[in-house]
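J.: Could you slot chain L onto chain H? The hints should help.
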Amino acid sequence: MANDLLRLEDVSVRLGGREILKDVSFSIRRGEFTGLIGPNGAGKTTLLRVILGLQPVTSGEVLLDGAPRPHRDSSIGYVPQKLAIEPDMPLRVRDVVSLGLDGQKFGIRMPSRARRELVSDMLTAAGAQGYADARVGELSGGEQQRVMIAHALISRPKLLLLDEPLANLDISSEQGIVSVLARLARAEHVAVLLSAHDMNPLMPVMDRIVYVAAGRVAVGDADVVVQPEVLSRLYGRHVDVIRVHGRILVVAAPEGIDATEAAAEDIGVAG
Amino acid sequence: MRYIFEPGFFTSAPVHVALAVGTVIAITSAVVGVFTVIRGQSFAGHSLADIATTGGSGAFLVGVNQFWGFLAFGAGAAAFMEMIGVQRRRGRDVATGVVLGAALGLAALFLYLATQSSSTTGASFTILFGSIFVITTSTVPALIASALLALATVVVLARVLLLSSLSSDIAAARGVPVRAVGAAFLMALAVSVALSAVIIGAVLSTALLIGPAATALRLARSPVRAVVTAAVLGVLAVWIGIVLAYDSFYWPPAGRGWPVSFFVVTLVVVGYLLSLLRPRPPTATQDNHDPEHACSPA
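Chains as they are written, first to last, in numbering that gives the first Met the number 0: chain H, 0 to 270; chain L, 0 to 297.
So here's chain H without its partners, still in its complex pose (with noise of 0.2 Å):
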């Protein structure tokens, strides 16, 4: 489709002889909120990573415009899933955000005003200038998701992604992520694809989703693929999709159960 941002078809990677993913297809429309959603271990961070050029394909392609995805890319920014800087790294927020303008180039430049109001104005968008000049490794997860994020967008890409940004964040930070994401991606028409374990806190946000297990994919809009029968045939076993209070819980059945077993059971449980 022309739309298309992102293209993946029938990408396959297999790591030191098991298959980390089978066959995958997907893309990816512009300025879309996608949501990457799957438990921990399902290839998640293996498909950002084959998106990203990081990881190499065993077979299959990705393509970026419509065409093979180049070397260099500053159409696609990341923020990977957990960042290990030490307290006295010397960069502040405000450096952590200049090196997403240019930070992959060699020698050195001269700081210029045009460039701090750039900088300055990336941190406000993302709620990040009340620690501008404070050092990127005193701050707490959320807030160093927030600078990420300012630094990742920065340089404008076409494609914003994001490994478990919500990980590890108390409900309220969680949510403050998901809304600057949310109007970030729309004010700058970002493609958005966003890779986490509950999909709940992405359902206000989210166009599409794609749910991942056991290195095989489901696309489509939530309501579509967030079904007993398309996540049980995913997985591989019977898995049971529950709404609570607007609130979607997914839960896999033991292994050695049957799907009429536990189709029995839910009806027990039921009456």
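Errors might be hidden in some of the hints.
A short, non-exhaustive set of chain L residues, derived as facing chain H with CB atoms under 10 Å [claimed, not checked]: (1) ARG158; (2) LEU162; (3) ASP168; (4) ARG173; (5) PRO252.
FYI, nobody ran anything at the bench for these hints, they're computed from the structure.
Every residue gets a Cβ at the ideal spot worked out from N, C-alpha and C, and that includes glycine.
T.: Leaving out everything else, chain L in the frame of chain H:
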């Protein structure tokens, strides 16, 4: 002034050489040192120093200026470390237990043989603890050139080194050749270890490399300020060290000057200890900016 600078300080040729070379090397070590600490490679620096000791003593045995020994063995070791992956923990264990032990053992043998054949008793001391007052004038251009090369490497790599230390995945995704950059930096580190070994000796060279940098990282917030602070601290330690070492010649018992390396290393340590006294500048953080009420129902 007379009490600070003993007679002849400003007219002594060795002092001039020592001050000029010492300044350039102090700046190089401090700047390279900041990136060494940021990258968590202080251990690599220390390993390079141990192996440089072997090179220095080998060079002395065969009658070559020890700087070339420091440099050749340091650079060779850097290449080897890159190969075995000294950054990985297993690589470190192998390096510490096997390679460094062997290197210092060889150094002991070379120094023993050298002192047997040539009765120069100062050789071991010069190699292990430095000799800034007896720098051969003919090596000065090589020392300065090496220093500028190491400095230029770090300046060219500064931004990518910072980005890689933030996240090597981000750097790699943006097209930075992370492995090659790491190898180039390790070479710059080997060169500055060799240079610093000339001033304060191979065994102590890491002190001039890591000490001012570690102190600067406690005091400065931004990369530029950290580098400038480290350079100023390194230069001060070397200058004051040279003055005190010169003066110590006149201290009782007169006629026996104390080693420069002792003063430089002591000043570096004192500087670091003083930086510990300074409380961390307050930061506008600790979750003040995320909305509160984390426990309220969502």
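J.: Let me make sure I understand: some of the numbered hints might not hold for this structure. Which ones are they, in numerical order?
T.: As far as the earlier hints go, only 5 is violated by this structure.
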